[in-house]
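Undergrad: In order, the protein sequences belong to chains G and D.
Counting in my numbering, the first sequence tops out at residue 679, every number present.
Counting in my numbering, the second sequence tops out at residue 126, every number present.
Quick caveat, the hints were computed from the structure, so don't treat them as lab data.
The beta carbon of each residue, even a glycine, is placed where N, CA and C say it ideally should be.
Certain hints may be false.
Partial list, derived from the structure: chain D residues whose beta carbon lies under 7 Å from chain G [as the list claims (entries may be wrong)]: (1) 10; (2) 88; (3) 99; (4) 101; (5) 104.
The primary structure of each chain is shown beneath.
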Amino acid sequence: MPSRQNLIGLWLLLTGLCLVAGLGVLIWLEGALQPSPETRPLLWCLGLAPTVLSLLVGWQLERRLFRPLRQFQVLLARLVASPDAQGDYPVDGWLQPLQPDLDHIREGWRQDRVKIREAHAEGAREAEKIKQELEALLQVLDLPLLICDRHQRLLLFNPAAAEMFHDQPGLGLGRPLSQLLPHPSLADAIRHLPDDGTPHQLLLPGEHHWLRCQLRRLGAYHGGALITLQDTTAALEHDQRWRRTLAQLLPKLRGHCGSLNSATEALLQVEDNPTFKQRLESAIEQESQALATQVEQLTHLVEAQQLSQSALEETWSNDLCSALKAQLLQHQIRLTPIGIPAWMKVDGPALLALLQLLVRQLSSLQRIDEVELEVLLGNRRVYVDLSWDGIPLSEQQLQQWRSLPLFDEPLSPRVEDVLDQHGADLWSIPPQQPGEGPRLRLPLPASGRGIQPLQRLSPRPEFHDFSIADLPAPSGDLASLPLQQLEMVVFDTETTGLDLRRGDRIISLAACRILNGRLLADDVFDQRVNPQRAIPPESTAIHGLKDEDVAQSPPIEVVLPRFRHYVGDGVLVAHNAVFDLLALQLSESGDQSRFTMPVLDTLLLSRAIDPSLEGHGLDALAERFDLSFPPGTRHTALGDARVTAELLLLLLPRLANRGVRTLGDALELQRQIEQEQHR
Amino acid sequence: MPHVLVVDDEPNILLSLEFLMQQAGFSVATAPDAEQALELIHQQCPDLLLLDISLPGMSGFDLLERLRAAEATRKLPVVMLTAHGREVEKEKGMALGANDYVTKPFSTRELVSRVQALLADTQQGG
């Protein structure tokens, strides 16, 4: 389309021509026709009409056609250059009827673009996720691995490989593999790897170590190979040590057998020569003794070899307890695990056999059929304590047990072998307090997980606007029950946020049970809940739970009746119970999930006991009372519930010292503290 | 009566073997190490040597090598005795020129029969 200036110029030129032509015609008519005064205006009107018409037509064309066309042009350019820019120019004039269609086209295009962008972002996210997962996998993979291309240049090495070759400058992306592992056999093996991915193994001698390599052709575009490495130096050395010892022992055994054999044959043939007979008998005795010593050494070697085959592994104490419990039940012995479970590093099968043997010995020695097992976190060690109602064990007794074989079979490892394997021992601990039983302690290596420093997270603020004392009074029977005898369910919730009255919801609910003053180790309720709303990132930062973690979990309407069922006739306990209880009550949906039982609050009880101290949050109290959260369990519902339970068990004797012995006493104390706070 | 020299560092086995070989009709001399064995070989010219591999100082293999290198003892029949049951040692002994090889523990009857067979072969050959 011509420019606006050109159009205006053309229009003015046309109008000017019309004007000049009209004036020329008028002057000519004036001269030729000599019009009367009456006809002159009409003549002038006719002469100037084309000029006026040109002006009007031009103006209308500009207003109704050319300007809308220019708008349309801008619109198109804008749509092309910046399709998502807002503030569109509307078209008017004669193009106005096109506006709805234009809008439709424009919106359709924009929507398509959004869809493409979303699909692209989704694809990128998925790819990024896979990449991150692969990277994470490579990061944590203990097995050193390398990937090289068809030219044997390094394409990838994981941190385990970096650690293995930390002192070798040849490790670097793009570098020839031969700089790192200068073994012609390796280069040759990679070149001749079969295309079907069949692995090929090589043992490469290094300066100080032996590397076992597994090579595999990768079906990737680069046509390279995956090399996994294993430093077998220690294993080979161990193997060699064992073989060497065996190789030294066997000839001696053969030699003594040979001497014994010959001496016996000679003895059978000798007749009247008492001196020689005596010499032969003495030789037989010496050889027999030497043989016995060698056989003993061989036995030790075999036992040690048996145990060295099984490495110490991370084991969750509860798993071990469950297995032990089931095994002992077959012998009519009831094992009750108590306390907080922990990770430990043990040879599970050997330890299980050891514990079973100890408990059975204990049971038959002291005629008991009930034993408690508690796992305690010590300094870099985990103590497995067996306690029972009886008398303490003597060191002499333990000494006798140390030499017992674990299994009723030849060459079985003995108790002391398993203890040695764990760097452990057996200690007898007499009762520390009246009413407590004696203990048998096994110190075992703690898992690396058990001694990780705790991550400090911001504590949940305390709430004080809800009075525990407003709850219905407990029944007379319950109120008069000693606290030590109460069945208590200690619970905790994790929520989407702290504003429960404005829509924050439970996302995790967990509890554990205290029965007769003992925390039951394997009696737990632990359930994630779908809050049916998004979990804010600031909340995730506390408890680590994301939307996807609870997406498959049941809603609170399903979980709450289950939890109510779990609580049974127990009394509820929580730290800052007002918050957790409110979370429960706001979720109550029927009689099946009503929580009208008495509730104890360790926060209020702690304040009541130590009113002058500051800091009654769970972290502060855990630190004050040296209670440890198993790693990674702080700000998990179960982790916090367990520590709250431990805290309550610590508070109970201190409450008793202050005359607070029954549930009624404790509730009254809580009520007083609440009243003081409201004053 | 064939004369046999038994070389072993274990006094108990020397005691029994000496007696058993005598019972089987051989005259027997014993030596606890290779040096004494060499001396006795030169003094007594035994018809056969029962030689243990693991000897203190000079090993049974060393002694065998020396015997095979010397003209006088090149053909002396040697039965190696060993507490190592490894095939490779047997091969080594045979490669160095041993005539037979017996692994401990052994039955004396078998040992005697091998010694007798070996002596018979030597006599036929010589």
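Undergrad: Determine for every hint whether it applies to the structure shown.
TA: Hint check:
1. At a threshold of 7 Å, the smallest CB-CB gap from residue 10 of chain D to chain G is about 6 Å, leaving the interface hint in force.
2. Contact between residue 88 of chain D and chain G, as hinted, is not supported at the beta carbon level, the nearest pair being about 12 Å apart and thus beyond 7 Å.
3. Checking residue 99 of chain D against chain G: minimum C-beta separation of about 20 Å lies over 7 Å; hint violated.
4. At about 14 Å, the closest approach between the beta carbon of residue 101 of chain D and any beta carbon in chain G exceeds 7 Å, and the interface hint on this residue is violated.
5. Interface restraint check for residue 104 of chain D: the shortest CB-CB distance to chain G comes to about 3 Å, inside 7 Å, so the restraint holds.
Consistency note: the structure conflicts with the earlier hints numbered 2, 3, 4.
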